[in-house]
Amino acid sequence: MNTIYFDNNATTCVAPEVRDAMLPFFGDLYGNPSSMHAFGGQVAKFVTGAREKIAAFINAEPSEIIFTSCGTESDNMAIHGSAELLGPQAKVITSRVEHPAVLGPCRRLKDMGYREVEIPVDTVGQLDLEAFREALKGHGPAIVSLMWANNETGVIFPMEKIVELAKEAGAVVHSDAVQVAGKLPIDVKKLPVDMLSISGHKLHAPKGIGIFYLRRGTRLKTFMLGGHQENGRRGGTENVPYIVGLGKAVELAAANMAAESRDLTRLRDKLENGLLATCPDARVNGDRAHRLPNTTNMSFEYIEGEAILYHMSDLGICASTGSACAAGSLEPSHVIRAMGVPFTAVHGSVRFSLSRYNTEAEVDYVLEHMPKIVRKLRDLSPFGKGDTLPVNL
Amino acid sequence: MWNYSEKVMDHFRNPRNVGKIESPDGTGTVGSLACGDALTLMFKLDADKRIVDVKFQTFGCASAIASSSALTEMVIGKTIEEAEKITNKDIANFLGGLPDQKMHCSVMGREALEAAIHNYRTGETMIKNLEDHIVCTCFGVSENEIRRVITENSLTTVDEVTNFCKAGGGCGMCRDDIQKLIDSIRDAKIPQVPAVADKPHKKMSNIQKMKLIEEVVDREIRPQLKKDGGDIELLDIVGDRVTIAFRGMCAGCHSAAFTREDFIEAKLREFVDPAIIVVEEGE
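Respectively, the protein sequence lines represent chains X and G.
In the working numbering, each number is its position in the first sequence, counted from 1, plus 15.
In the working numbering, each number is its position in the second sequence, counted from 1, plus 44.
So here's chain G without its partners, still in its complex pose (with noise of 0.2 Å):
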């Protein structure tokens, strides 16, 4: 069974929001019958122009069915500026996570939502966009699909992408197209990396320089460690020191000191601040 959180279960057990509206101010379907799940998203505005009813109707899984249900929580009240911020993990936040392979559950309520969004601004049904180039043809993902997953979920592997968005999940004739996509766009960030470093570093407030943390290890480091099956998890930042747990394959590893020294410590050294120390949870 998947361990799905307590919340999962409450909106799958009770789903709230379910049904159809009449005359909606917007609709939205993604999926379909043959893909395993899919999902038809309705909403209708007040008077100023905040969400005021919204109801889905979902066939797939447990998760696919709470994740519909959280969304409609989640926009109730929202103007549609607000409610398009939602990305698929604040769907799977607002639900105490989702596991690995369930996030493309996440990812069709965002869909949904921007079809029903598209719907009410436009007035059309949103087809996926004929032009736009198709990766995966099991699944019909397209380029720009695979390409959004991957920015806004920062992930670094071809199983990832396979969890977020089921590209590659079939035949798996993709997964190199995939991998290359992963590379082009962590090549793409890559040229920012020199006028970083050569940021007199001193001159960086605190939030600056957490955030510039947060960004050198989700590019040079995280994606070094998975490929391994390992991971870390950012615990805390004061100063210079900053608190780290491994996690996955790193987590009991014998490298794991000499990982933390010679590579994280290294790149956070020669991106951020050279008086980084970086030490690990419970030291």
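The following block holds chain X by itself, in its conformation from the complex (with noise of 0.2 Å):
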């Protein structure tokens, strides 16, 4: 049974190309690049050459790009390090529809008596801005963390209003960018945010690397503490073979994006419009104007999502599911009550997402049997009863 993988914003697979640059690195070029000899310092040498692609990818400087484990780690770096820094008299502002990377640590800090604020969303995910406004005012320190698009419906956030709002008012502002890097262009020369998060495993990079953008002249306190490495701002050894991947993962990226973006929109809208019009009581859930172009979060209504999932997993269509129950809590996504889906059909989203590796005849085939899956479902259902589903079993 072949794999049809529509779960990129869940993590990606490595790319060819980044794995041959890699092996090098688990061979012969071992040494440590902080060695004092040119056995170690020849690993140096390409520790900087991939620290210049991913400056350049995002427009930043060398010195502004400091490696981490993952995205998690510089969601927490960010938000953490900058509220040691500025004590608890800061204002934490948030989204409701954050990824549990930066709501954890949010949170955390609210635990500790910071001042939280977490900025509600409207019915197609987007931010309420007027909520916005009013969080930053007042008097104080603000930190500012709003992700640039949404993992789970791929709602892309108006990330310049975002940054020119929060400046103005004078708080420091980190966006999580990580399902955007690879998928649109960041540019940190134009967008005057101090600090970014990225990982390498949703660009085709392995999992196990994350960038950290931190603007020079932003302050934060550093907890990774122990090492000279990263000019004193994250301790610990190098992940020589991971850097050198996610630098030829991001050259990867940049060389294609244009074309990438384009495939991409046609290949996921003729997925959604083939199953809105093959699958009765379906809907979509997000912006349809503001999205990544690779990402489509649809509820199937009167159904539930981890079944659906089995169903297509038998199939071996990977997909995910916004469902209480696929994720082992007895809630659904936060994202999805955020927005206020109908409770009809909270429980039945399925997120697509897809990647450069995914075919036309991977759509049509999912486009042939999720129809089937969601018949046999419903059939199976004690709700929505009295559709007349065009498709037979």
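Since the hints were derived computationally from the structure, they do not count as laboratory data.
Just to be clear, a hint being listed does not mean it is correct.
[To be verified] Calculated pairs, DSS-like style, for lysine-lysine (alpha carbon to alpha carbon, straight line, at most 30 Å):
id, chain 1, residue 1, chain 2, residue 2
1, X, Lys391, G, Lys51
2, X, Lys387, G, Lys64
3, G, Lys99, X, Lys387
4, G, Lys64, X, Lys400
5, G, Lys224, G, Lys270
6, X, Lys400, X, Lys285
7, X, Lys204, X, Lys68
[Unchecked claim] Okay, the calculated bits of chain G under chain X, using three or more residues with CB under 8 Å as the criterion:
id, region
8, 56–62
9, 67–78
10, 97–103
11, 208–217
Remember, it's a predicted structure, so these values are computed and weren't measured experimentally.
Note that CB positions come from ideal geometry on N, CA and C, so glycine has one too.
Two chains, each in its own frame: build the complex with the hints.
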């Protein structure tokens, strides 16, 4: 059975070019880049090279790039590092739909006595800018952490406006750009954001490598102490193979971004429109006009997401759900709930997220089989009867 | 992915007895769209008052569908009196076990069966008794329902109660109340202890002794171990020799030998028989 991988917002495959670039560093080139001998020193220039590529990728200076172990570490570094510097009088402003890697540290700060505000979103998942303006009012320092694009729905927040408002109010601004990196251009010369988090494994580098962008002049308390690496801002011997791999991955992403974005949009729209046409009582969750090109979040009413995923999995199709059952919790996705999705549709949400390696034939395969799965589960469900489904099982 | 048994996956992929019955003798519905799972169960009796036909419709995850399907197979051919003895544990066991966080699917099956039997006997649609105190407002779980899953499944922690009936799994405001229910059920059992402990030990039959050992393990020992994330399994009882295996955090714990001697053996000697020796599996 072939695997049809439509779960690229969860993780992506390592690009073959990335893997090849990494392999020498698991072999002869195992030296420590900090060593005072040529054997280690020869490795340092590859780390420098990767840092330069990544800086160019977001139009930053190489000294503004800090390597971390993952996007979550970068988020924690930004939020805790700023909070520790500014002290407990600082206000922490985030949104209700952030990734847990941002909500977790923000809520920890709340427990520690910081004032924390979670900005709501509207029914298509767009940030309530009025509430954001309101939250920025008042005296004292503020830390803003708002995601650039949502991992579950792909909805893109108006980052230029957010940064502009935050800067006017004198706040320090961080953005979780994990889902944007590799899909949309990032230019920190144009966007005066202070900090960004990026994760390698969302753009065809391996799991276990992240980037923390820290604008020159932005102050921060470091929390990974114990080494001079990354100019003393993040201790720990550099993960050389992964850093080199990430350098290759951003090079690949930058080279084809416009064309890939166009192709992904076409495939995503074909999938989405096809499913809306063949599955009654289906809906799209999220702002269709402001979305990542690769993502669609759809709800199939009256049926439950985990059951949908298990039937899809039997056919080799990989996707995600915001259903409570799949997460091992009892509450469905905080993103779907924050958007006020109708309760008939909350538990039946499925996210499809594509990558450059997906094909039209794969979209066609999913379009052929999804209506049958939906029909099978609707037949089982006590709800939503009276539909006429145009599909024979 | 969940570690579902083959039997769960089989019942999920090929659910038995799906649908409705024309003019059923009993119908029960539990759950709701908002809660994330719901089950409608219908049955028909034959001339001998045995369940001759049963059908279900389920909205929910793979294990909710499998639990419903399993339940229909379990009740077919049974009298009402036999069917109503089925517990959520029986449903989970029939399926070769369910993940802890999915035990509430088996409870939903048992509740739907009860609702259908109630409908058969009274002609009423079973609606939650409004006088029953609702403890968990997020999922609408009453005190009686919580007490029942605690008692029937020997639950000792709030997380376990959440796994079995969802109570406490929403906002979490009722978690203290659930802990109080667990404590009150445990405390209610304690007065029996002196009576049992005062009995002349040697007069117990083997069966009585085994039952008492099981009781003491469930009541006195397991709850303490679970507080530290551990557990034990009772493997064998031969004469005064009790064989156990440590589970969870206890497995491989450096203090396990002390726990066995100073705690488990001491408790069993106190409550069952001073001659008891506790050994670990493989000793």
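Given pair status - Lys387 of chain X, Lys99 of chain G, alpha carbons within 30 Å | Roughly 22 Å separates the two Cα atoms, so the pair holds.
According to a criterion of three or more residues whose C-beta lies within less than 8 Å of a C-beta of chain X, is the region 56–62 of chain G covered?
-> It holds: at least three residues are needed, and the region 56–62 of chain G offers 4 whose Cβ sits within less than 8 Å of chain X.
Restraint check for Lys64 of chain G with Lys400 of chain X, where alpha carbons must lie at most 30 Å apart | Cα-Cα ~12 Å, so holds.
Between Lys204 of chain X and Lys68 of chain X, does the CA-CA distance stay at or below 30 Å?
-> Given that 30 Å is the threshold and the Cα spacing comes to 16 Å, the pair holds.
Given coverage of the region 208–217 of chain G by chain X, checked by CB-CB distance under 8 Å (3 or more) | The restraint on the region 208–217 of chain G holds, since 3 of its residues have a Cβ under 8 Å from chain X and three suffice.
Within a Cα-Cα threshold of 30 Å, do Lys391 of chain X and Lys51 of chain G meet the stated pairing?
-> Holds - the C-alpha atoms of Lys51 of chain G and Lys391 of chain X are around 19 Å apart, at most 30 Å.
Has the region 67–78 of chain G got at least three residues whose CB is nearer than 8 Å to a CB belonging to chain X?
-> With 3 residues in contact (Cβ-Cβ under 8 Å with chain X), the coverage given for the region 67–78 of chain G holds.
Please work out if Lys387 of chain X and Lys64 of chain G have their alpha carbons no farther apart than 30 Å.
-> Since the Cα atoms of Lys387 of chain X and Lys64 of chain G sit roughly 21 Å apart, the hinted pair holds (cutoff 30 Å).
Between Lys400 of chain X and Lys285 of chain X, does the CA-CA distance stay at or below 30 Å?
-> holds, 28 Å
Are there at least three residues in the region 97–103 of chain G whose beta carbon sits under 8 Å from a beta carbon of chain X?
-> holds (count 3)
Is Lys224 of chain G close enough to Lys270 of chain G, meaning Cα to Cα at most 30 Å?
-> holds, 17 Å
Hint violations for this structure: none, all hints satisfied.
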